[in-house]
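*Asks:* Residue-level listing of the chains:
Protein chains: 2
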Amino acid sequence: MARLTVLCGGLGGSRFADALVRAAGADAVTVVGNVGDDLEVHGLHVSPDLDTVLYTLAGLLDEERGWGVRDETYNARETAGRLGAETWFTLGDRDLGLHLVRTELLRAGVPLSAVFARLAERLGVGIRLLPASDEPVRTMLTTPDGELDFQTWFVRRRHADDVLAVRYEGAAEARPAPGALEAIAEADVCFLAPSNPFVSIGPILAVPGVADAVAERAGPVVAVSPLVAGKALRGPLARMLETLGHDSSALGVARLYEGLASAFVLDPADTGLAPAVEALGLEAVVTPVVIVDPAVRGEVGRAILDATVRA
Amino acid sequence: MARLTVLCGGLGGSRFADALVRAAGADAVTVVGNVGDDLEVHGLHVSPDLDTVLYTLAGLLDEERGWGVRDETYNARETAGRLGAETWFTLGDRDLGLHLVRTELLRAGVPLSAVFARLAERLGVGIRLLPASDEPVRTMLTTPDGELDFQTWFVRRRHADDVLAVRYEGAAEARPAPGALEAIAEADVCFLAPSNPFVSIGPILAVPGVADAVAERAGPVVAVSPLVAGKALRGPLARMLETLGHDSSALGVARLYEGLASAFVLDPADTGLAPAVEALGLEAVVTPVVIVDPAVRGEVGRAILDATVRA
Numbered sequence: 000m001a002r003l004t005v006l007c008g009g010l011g012g013s014r015f016a017d018a019l020v021r022a023a024g025a026d027a028v029t030v031v032g033n034v035g036d037d038l039e040v041h042g043l044h045v046s047p048d049l050d051t052v053l054y055t056l057a058g059l060l061d062e063e064r065g066w067g068v069r070d071e072t073y074n075a076r077e078t079a080g081r082l083g084a085e086t087w088f089t090l091g092d093r094d095l096g097l098h099l100v101r102t103e104l105l106r107a108g109v110p111l112s113a114v115f116a117r118l119a120e121r122l123g124v125g126i127r128l129l130p131a132s133d134e135p136v137r138t139m140l141t142t143p144d145g146e147l148d149f150q151t152w153f154v155r156r157r158h159a160d161d162v163l164a165v166r167y168e169g170a171a172e173a174r175p176a177p178g179a180l181e182a183i184a185e186a187d188v189c190f191l192a193p194s195n196p197f198v199s200i201g202p203i204l205a206v207p208g209v210a211d212a213v214a215e216r217a218g219p220v221v222a223v224s225p226l227v228a229g230k231a232l233r234g235p236l237a238r239m240l241e242t243l244g245h246d247s248s249a250l251g252v253a254r255l256y257e258g259l260a261s262a263f264v265l266d267p268a269d270t271g272l273a274p275a276v277e278a279l280g281l282e283a284v285v286t287p288v289v290i291v292d293p294a295v296r297g298e299v300g301r302a303i304l305d306a307t308v309r310a
Numbered sequence: 000m001a002r003l004t005v006l007c008g009g010l011g012g013s014r015f016a017d018a019l020v021r022a023a024g025a026d027a028v029t030v031v032g033n034v035g036d037d038l039e040v041h042g043l044h045v046s047p048d049l050d051t052v053l054y055t056l057a058g059l060l061d062e063e064r065g066w067g068v069r070d071e072t073y074n075a076r077e078t079a080g081r082l083g084a085e086t087w088f089t090l091g092d093r094d095l096g097l098h099l100v101r102t103e104l105l106r107a108g109v110p111l112s113a114v115f116a117r118l119a120e121r122l123g124v125g126i127r128l129l130p131a132s133d134e135p136v137r138t139m140l141t142t143p144d145g146e147l148d149f150q151t152w153f154v155r156r157r158h159a160d161d162v163l164a165v166r167y168e169g170a171a172e173a174r175p176a177p178g179a180l181e182a183i184a185e186a187d188v189c190f191l192a193p194s195n196p197f198v199s200i201g202p203i204l205a206v207p208g209v210a211d212a213v214a215e216r217a218g219p220v221v222a223v224s225p226l227v228a229g230k231a232l233r234g235p236l237a238r239m240l241e242t243l244g245h246d247s248s249a250l251g252v253a254r255l256y257e258g259l260a261s262a263f264v265l266d267p268a269d270t271g272l273a274p275a276v277e278a279l280g281l282e283a284v285v286t287p288v289v290i291v292d293p294a295v296r297g298e299v300g301r302a303i304l305d306a307t308v309r310a
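Chains as they are written, first to last, in numbering that gives the first Met the number 0: chain A, 0 to 310; chain B, 0 to 310.
So here's chain A without its partners, still in its complex pose (with noise of 0.2 Å):
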């Protein structure tokens, strides 16, 4: 059995982790997930992407909406609202019951890479899902109205301001989460998922030792692009690209994980780059990578391991 690490962030990776499970079987498949926009509401801790990869494999996820549980209810949120509590970052009811168990077990100094692993237990998810760090690592973007954390920038401000910079507080003082670098070195092969670079793949890479562990794997590393004609499937990627002064497209992905990655996996749509791409010493893949439809992700995910397996 091959063993796949992908390094991912909420929706679009979750999708590829899904992918590579319907391909290779979750025994195959282990999870490092981005927690830089982790964050408290109402006193709990949310984890908004893991817990997005968490829900895409136990078939829980609302997938019109690409965020949630299916057949959700807010009424929490309405009584908290009415409370006086801000509600910008909306939790839904069943939702809530994973974040109360989860910050109950944190509070009780559960680490959450065992958390996480409790949690997919429970929910029938055979992968294995690790979060990046079990330290906070916070994503803050520098934008032309002052720093911002993550998801103020992205959900509370719609992610309507320019991306100037980005940093990742305490990812300096974060030690990578027990089994995180072993599974990236480990493992036949080493996704980057397409998510973006700059907020869900940069910082698990900024976990001190990730990114050393992803360049010294002697085995490929494969970046799936996130973009396909210049256009992010879902989410700001684009336009952050533009405002932090990259090309906008697949080209300008796998110019950010030159020296990084070994291949790079571009859609029919951009085979037009794969020279570009080869030209930064990257082999240059090309299949189908949209996975937003679920019936067909076994089929891409196979392709995909196919094409790198070799690679």
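Among the hints, a few may not be true.
Claimed, not checked - Label pairs and their computed distance ranges (CB to CB):
1) A:V154 to B:P135: 28 to 38 Å
2) A:T89 to B:P267: 47 to 57 Å
3) B:E241 to A:L38: 46 to 56 Å
4) B:R157 to A:G80: 31 to 41 Å
5) A:V295 to B:E62: 47 to 57 Å
6) B:T89 to A:T89: 22 to 32 Å
7) A:L38 to B:E63: 34 to 44 Å
8) A:D26 to B:R166: 53 to 63 Å
9) A:T89 to B:R69: 35 to 45 Å
10) A:E146 to B:P135: 37 to 47 Å
11) B:P110 to A:E298: 57 to 67 Å
12) A:E62 to B:R166: 18 to 28 Å
If you're looking for bench data, these hints aren't it; they were derived computationally from the structure.
Virtual Cβ for every residue (Gly too), placed ideally from N, Cα, C.
Fit chain B to the given chain A structure using the hints.
*Replies:* Relative to the frame of chain A, chain B by itself:
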């Protein structure tokens, strides 16, 4: 305007407070409420008795069931249970919103009394709602199976265990909430609501200074019988009186308030007990005390006020 202060527990007490509000207006009423059955659920601070008062007066109580909020859902609980959390103490989703807001305020250092003031204001509840203490007081019940905290005995074990003794953990070190002693001293009438004397009124009186403030009042102290014809309108009081060695009747309750109350309100069904109540040195006031139906509460409250403001 008469100033009315009520020492009260959960359902019975909340209905009595509602009766006084309907009879005399919200501005007239101060509740000093029981915190002896407060608990933590999923790390959240829950105050079942005071919350019942709050919900009753806000018109939000599920009156059929006698606890929790109307039109409630239980989706957070379902998730929490699926993730392995204990769920014997049911929290609905709407209710959870309140516990989240309260717990966050408490963790930020806001005292419980100030939290309740804020909640009451937000919910448009015009009475003054004071916990007996901002500090923890926990009602502990000795049973043949050992000592149990109140909610374990009442909810988890469905009050099946005989109660052989009662104590109020933390009471000796607790201080009355700001304003509670003054509200008791300065009221025109101080009521002991038709609540359980052991697990509702007892933990309030156990806070140092409260029983003295009640006993030393110049004006009337009016206890309202929680039993009618030997039966509690709700809850395990009748059996608890028996196992604790008391008369299982309104007279048994009146004896517990000897030396503390100046008058005792008996339902007409218990007219026969009036001479025995008078023999204790309490004025016996015979007037209906059944206030289950919200529609009768105003009338019952007015009759009790008419009979006792002159008591």
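*Asks:* Quick check: which numbered hints come out false for this structure?
*Replies:* When the structure is compared with the hints, numbers 9 and 12 turn out to be violated.
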